[in-house]
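Student: Turn these sequences into a full structure, and let the hints steer you where they fit.
Chains as they are written, first to last, in my numbering: chain G, 1 to 308; chain E, 1 to 289.
Read the hints as simulated data drawn from the structure, not as lab findings. Yeah, the Cβ is synthetic: ideal placement off N, Cα and C, and Gly gets one too. Everything hinted at is true.
To spell it out: a stretch of chain G is covered by chain E in this simulated footprint if at least three of its residues, at any positions, have a beta carbon under 8 angstroms from a beta carbon of chain E; those stretches are:
| no. | stretch |
| --- | --- |
| 1 | 24-33 |
| 2 | 126-137 |
Negatives, chain E to chain G, calculated, CB over 10 angstroms:
| no. | residue |
| --- | --- |
| 3 | 37 |
| 4 | 187 |
| 5 | 191 |
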Amino acid sequence: MNIQTDAVSSLEGNVAVPVVIPGSRRFYWSVRRELWENRSLYLAPLAVAALFLAAFLIGHHPRAHVHMDLSFHSMQRQRPDVFQQPYTIAALLLMGTTFVVAVFYCLEALYGERRDRSILFWKSLPVSDMTTVLAKATIPILILPLITFAIVLVTQSIMLLLSSAVMLARGQNVAELWSHLPLWQMSLMLFFHMVAIHGLWYAPFYGWLLLISAWARRAPFLWAVLPPVVVGVIEKIAFNTSHFAALLGYRFGGNSDVEFTGGPMTMGVLTASDVVRFFTDPSLWTGLALTAVFLAAAIRLRRYREPM
Amino acid sequence: MACIEAHGLRKAFGAKVALDGIDLQVEEGRIIGLIGPNGAGKTTALNAILGLTPYQGQLKVLGREPWTDRDRLMCDVCFISDVAVLPRWIQVSQALDYVAGVHPRFDRAKAESFLAKTTIHRTSKVRELSKGMVAQLHLALIMAIDAKLLVLDEPTLGLDILYRKQFYDSLLNDYFDRSRTILLTTHQVEEIEHVLTDVVFINRGRIVFNRSIEDMESRYLEVSVRPEQLAAARALKPIYEREVLGRSILLFDHVDRQQLTALGEVRTAGIADLFVAIIGNQNSQGAAR
Numbered sequence: 001m002n003i004q005t006d007a008v009s010s011l012e013g014n015v016a017v018p019v020v021i022p023g024s025r026r027f028y029w030s031v032r033r034e035l036w037e038n039r040s041l042y043l044a045p046l047a048v049a050a051l052f053l054a055a056f057l058i059g060h061h062p063r064a065h066v067h068m069d070l071s072f073h074s075m076q077r078q079r080p081d082v083f084q085q086p087y088t089i090a091a092l093l094l095m096g097t098t099f100v101v102a103v104f105y106c107l108e109a110l111y112g113e114r115r116d117r118s119i120l121f122w123k124s125l126p127v128s129d130m131t132t133v134l135a136k137a138t139i140p141i142l143i144l145p146l147i148t149f150a151i152v153l154v155t156q157s158i159m160l161l162l163s164s165a166v167m168l169a170r171g172q173n174v175a176e177l178w179s180h181l182p183l184w185q186m187s188l189m190l191f192f193h194m195v196a197i198h199g200l201w202y203a204p205f206y207g208w209l210l211l212i213s214a215w216a217r218r219a220p221f222l223w224a225v226l227p228p229v230v231v232g233v234i235e236k237i238a239f240n241t242s243h244f245a246a247l248l249g250y251r252f253g254g255n256s257d258v259e260f261t262g263g264p265m266t267m268g269v270l271t272a273s274d275v276v277r278f279f280t281d282p283s284l285w286t287g288l289a290l291t292a293v294f295l296a297a298a299i300r301l302r303r304y305r306e307p308m
Numbered sequence: 001m002a003c004i005e006a007h008g009l010r011k012a013f014g015a016k017v018a019l020d021g022i023d024l025q026v027e028e029g030r031i032i033g034l035i036g037p038n039g040a041g042k043t044t045a046l047n048a049i050l051g052l053t054p055y056q057g058q059l060k061v062l063g064r065e066p067w068t069d070r071d072r073l074m075c076d077v078c079f080i081s082d083v084a085v086l087p088r089w090i091q092v093s094q095a096l097d098y099v100a101g102v103h104p105r106f107d108r109a110k111a112e113s114f115l116a117k118t119t120i121h122r123t124s125k126v127r128e129l130s131k132g133m134v135a136q137l138h139l140a141l142i143m144a145i146d147a148k149l150l151v152l153d154e155p156t157l158g159l160d161i162l163y164r165k166q167f168y169d170s171l172l173n174d175y176f177d178r179s180r181t182i183l184l185t186t187h188q189v190e191e192i193e194h195v196l197t198d199v200v201f202i203n204r205g206r207i208v209f210n211r212s213i214e215d216m217e218s219r220y221l222e223v224s225v226r227p228e229q230l231a232a233a234r235a236l237k238p239i240y241e242r243e244v245l246g247r248s249i250l251l252f253d254h255v256d257r258q259q260l261t262a263l264g265e266v267r268t269a270g271i272a273d274l275f276v277a278i279i280g281n282q283n284s285q286g287a288a289r
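Tutor: Below you can see the structure in the form of structure tokens.
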């Protein structure tokens with residue numbers, strides 16, 4: 001009897017105060033915390049999207065009517081993917097914004113908490129340095145690409161609806177516009193591009209920036225930029241070669257082995273072989289291994305580092 | 001099991017020795033004041049106990065090694081290290097959500113009820129709160145955690161006296177019970193005197209004094225000696241002598257109270273008096289050497 005009541009009361013105790021919090025829950029809250037702190041992660045791309053839509057709308061204004069008509073007729077005579085051009089520009093603009101946001105986020109992520117001493121608060125809670133650093137790395141590698149994908153998709157949908165409305169009002173044929181825009185293909189391509197290039201392919205950049213952010217006592221931006229520049233210059237002077245710069249350029253410009261139909265930065269058609277080629281490319285995996293090394297070092301540094 | 005057990009705890013920053021072989025045993029249910037001059041090693045000692053800094057020697061906190069086990073240790077240990085370390089961008093409600101999300105022993109309802117006694121709004125950001133309110137918020141978060149050890153490093157630095165008094169009152173009335181242990185440092189020694197059960201003085205990385213308050217009060221007496229009795233008083237070997245308004249005040253260790261009453265006005269020595277005596281003596285000896 002006693003045992004039973006004890007069991008019941010201890011069970012109730014467990015309900016009121018869960019003794020074990022799974023690691024995934026701590027990870028989830030650590031990621032949410034990042035989104036609370038860094039609202040620019042979604043506000044900056046949203047602002048750019050709003051500006052672009054405003055410009056797009058002005059382009060459809062009756063005063064731009066003649067120009068619009070002309071370009072529309074010239075479009076019909078050209079390759080059909082000219083229809084896609086404004087949509088591609090919107091996507092590129094938002095991707096560029098995201099990359100800039102990601103760079104500044106990474107540099108601030110482990111530096112800011114030491115500068116404002118809040119690291120002492122975060123470390124007073126039962127969250128490991130590993131959970132914290134991995135949650136921060138998840139933002140540029142996974143969360144930001146997904147946010148950007150969603151914002152680009154919504155922006156392009158609004159553009160399409162706007163164009164259709166304008167064309168309908170002028171009695172033009174909407175069907176042609178829609179038939180030249182392979183929507184499903186475009187969004188699939190975009191999704192793959194965001195996750196593969198902006199997430200996985202760029203991951204070593206983010207890992208490096210997070211490492212510097214955990215290490216630098218001041219001016220993390222300089223510390224992140226100067227060493228690669230110095231390495232490049234020394235290589236140039238000593239050997240008169242520029243392999244290092246070429247390597248960085250190759251990494252930054254996207255993988256040419258993974259050049260999709262029409263190049264990596266355009267909204268071409270995604271094929272299964274593109275995906276296979278991307279994931280079987282050894283340089284993807286060396287990049288990811290390098291990212292893991294950078295992040296492991298950042299975790300270790302966060303453990304040792306004290307507020308500034 | 002002792003709450004904190006340290007043997008030969010050492011820590012050096014380059015050539016500068018911050019902790020020079022500390023032995024310390026803290027039992028459950030005590031409120032210990034760790035008191036020392038600036039640069040004595042207080043914060044380093046607390047950082048070692050909290051797993052914020054690596055160290056040499058043996059250290060166990062609640063049976064765990066702080067440096068290798070910090071995240072798990074923090075389920076049972078809470079700390080306020082310095083005032084105003086709450087991130088300035090966080091909203092009060094977000095702070096509650098986050099701590100509730102990651103801490104297994106956080107009782108949100110309790111934190112809410114502490115906050116209800118203050119003028120802090122849920123939607124305020126920390127940057128909009130006054131320094132005193134930030135301390136209230138932090139204390140509300142910490143007191144709602146059912147921890148075994150609470151460590152406070154200068155928790156009231158820069159707060160006005162009303163907030164300071166309120167801070168220690170809530171700590172004693174709403175938080176402390178005999179199963180918890182509190183370890184704290186402060187320079188405002190007089191204000192925490194009535195709160196403590198034990199006093200530890202630390203100087204130049206060593207523990208130079210470690211007694212319970214009862215022990216301290218029964219052993220150390222201060223006498224405002226009448227001038228004609230000064231020679232007789234000095235013969236009893238006071239551990240410290242100072243002059244206030246032309247009268248000599250002598251501090252005695254382990255001298256019979258009856259005997260002292262004959263020499264002048266006797267009173268129990270406060271922590272501040274003892275601190276000045278013990279640390280002052282040491283430092284002047286050190287300077288003479």
